[in-house]
Amino acid sequence: MVPVSAYLIVAIVLFGIGTVGVLISRNMIVMFMCIELMLNAANLALIAFSRSLEVMDGHAFVFLVLTVAAAEAAVGLAIVLAIYRNRETINIDRFSILKW
Amino acid sequence: MIDYTSAGIDFGLIAPEIALLVTAFVILLISSIRRLNAFPIYIAFIGLVVTLALSIQQWSNQESGFFGMISCDNFGIAFKILFSATSLLVLLLGYRYMIARGIDRPEYSALLLISTMGMMVMANTTDLVVMFLGLEIMSVPLYVMAGFARRSLRSNEAAIKYFMMGAFASAFLLMGIAFVYGASGTTELRRIVADISFISSRHGAYIYAGAALILVGFGFKVAAVPFHSWVPDVYEGAPTPVTAFFSVAPKAAGFAVMLRIFLFGFADLEILSDVFWVLSVLTMSVGNILALRQGNVKRLLAYSSIAHAGYIMVALAVGGEEAVSAAIFYLVAYTIFNLGGFAVVTLLETRSGCRSNFSELPGLAATHPYLSAILALFMLALGGFPPTVGFLGKFYLFAAAIKSGYIWLAVIGVMNSFLSVYYYLRVVKASYFETSDEPFTPVSYTPAIVAVLIITAVGTLGLGFFPQQLLEFSRSAIFAFL
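As given, the protein sequences belong to chains A and B, one line each in that order.
Using this note's numbering, the letters of the first sequence map in sequence onto residues 25 to 124.
Using this note's numbering, the letters of the second sequence map in sequence onto residues -4 to 477.
I should point out that these hints are in silico values taken from the structure, not numbers from a laboratory.
Note that the Cβ used here is the ideal one computed from N, Cα and C, for glycine as well.
Which bits of chain A does chain B cover? Going by a derived footprint, with three or more residues having C-beta under 8 Å, they are:
1. 58 to 65
2. 86 to 98
3. 104 to 111
Working from the sequences, and respecting the hints, build out all of it.
The following block contains the structure:
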C-alpha cells in the first residue's frame, strides 16, 4: 500500500514543474502544456485524497476537470492559431505592442 | 448536522441560468442562417431582459437545491440581478462599436450570455466544485471575447495574455480545492464550516495551503496586486465593450465567491484577515500609483479598476455583516459608474482611428458639452466625490472598517482616494482645459448608447442623493446560508 503522501509529493512536484515551466518558457505551446501539467497534478491530488478518504466525490470532480481542460485547450489552441496566422510566430517575447 | 444534500431538483432555482443558456443556443442556431444575421442582438436583448425579470422575481427566496450544489439566497440573487443588468448594458453599449470595427458577429452576444451564466452559477453555490465549474464557464467565453477582433494584433495579444493568466490561475485554484478536499473530505462550504476547528487541528497544513492556493487563483481573477500584471494589457488590447465587461462583471463574480469562501467557509482561519489587510493596501496603493502616469484612458481605467479591487478587499479584511453589505453596495455603485465611463470611451472609439489617448481628448468639451459633462461626472464618481454614489460607496466601506477597529486600513484607503483624484481629474482637465491643433471629430450617438449613458448617469447621481433603496438592497443581500 503506497501512502497518500507519496502521491501528494508527486502531485506537488508536477505542479511545481508546471508553474516554473509557465514562468520561464517563451513558447506558447510549451506554456500551454505546462498549464495542462498543473491541472493534471491537481487531478492526481484529488484522486489520491479521494482514495484515502474513501469518498467518491473526488473521482467525479476529476471528470469535470478533464472536461474543462479540454474546453480550455480548444479555445487556447484556437487563439494560438489566430495569432500564428497574423504574425507567423508563437514566441511570447514578440508580443510587445502592449507593454507586458 | 443538517442534511443539506436532501434538497432535490428544483429548476425554478436556476431559471435565470436556463433562460440565458437557451437564448445563447438559439442565437448560435440562428446565426448559422446568413439571412437572419441581424436578429441575434435583439434575441440577446430579450433574453437578458427575461433573465433580469426572473432574477428579480427570485428575490428573498432562500432555498437550496440540486443536492446542495445550488444555493439560491439573497446574496446570490443580488449578484444575479447585477450580472444580468451589467450584461444588458454592455450589449447595448457595444453594438455600434462592433459594427464600426467590422466584428459584429452574432457569436459575440452568445458568448456574452454564456459568460454571464457562468457568473451566476459562481455566485449561487456554496460548493467549491460548482464554483470552479462556474468560473470556467465564465472565463472560457471571456478569452474568446478578448480576442474577438481576430485580425487585430492588439486583440490577439490581449487574448493570449488573458488566456495564459486565466488558465494559470485556474490551475492554482484547482490545486487549492484539491487540498481543501483532502483536509475536509468534502467540497461543500457549509460542511467545512461545521467542523473547521476539527479539520484545522488535524489537517492544519492542508487547509492553510488550500486557502492560500485558492486565494492566489482568485487574486488573479479580481486583479489583486501582485497578480495584476495582465490587467492593463488585456484591457487596452481587447475591444472596448469587452473591456467594459471585464472591468466590472468578472470582478464582481470573483468577489462574490471570495466573500463566500473566505468570510463564510474559512471564517475561522484568523490569519486570513491580516493577509487581506496587506493585499488590500498593496492593491489600492499600487493601482493608484501606477495609474498616475498613464497616457491612455483605457489603461488608466485598467489601473483604476485594480485600485477599486483594493477598496473592495477592505471588506474581506474586516468581515462581518456590515462589511459584506458595504462591499455589495460598492460593487453595484462601481459597476454603474465604471460602465458609464467605458460607455463614453466606447463612444469616442467608435470613430475610426481613435485609441482614446489623452492627446485625443482636447476639444471634447467645446464640441460635445453634454458628453464631456457626463465623462466628468463618471470620473468624479470614480474618484469618490460627493454627491455621487462613489462617495457613499467608499464611505460605507471605510465606516465599516472603522467600526470593526481597522482604523489604519480606513486611513490608508482614504489617502488612496485622495491620490486617485489626481489622475481622474487629469481626464477632466484634458477634455476641458487643453487645446490641440487637430479638430475634434464629432461622435455619432445611437439610441442604445444614449440609453446606457442616461441610465448610468442617472444611477450615479440619483443613488448619490437617494441611496436608501440600494442600501436596503445590499443590507438584505448579506448571505443567509440557510
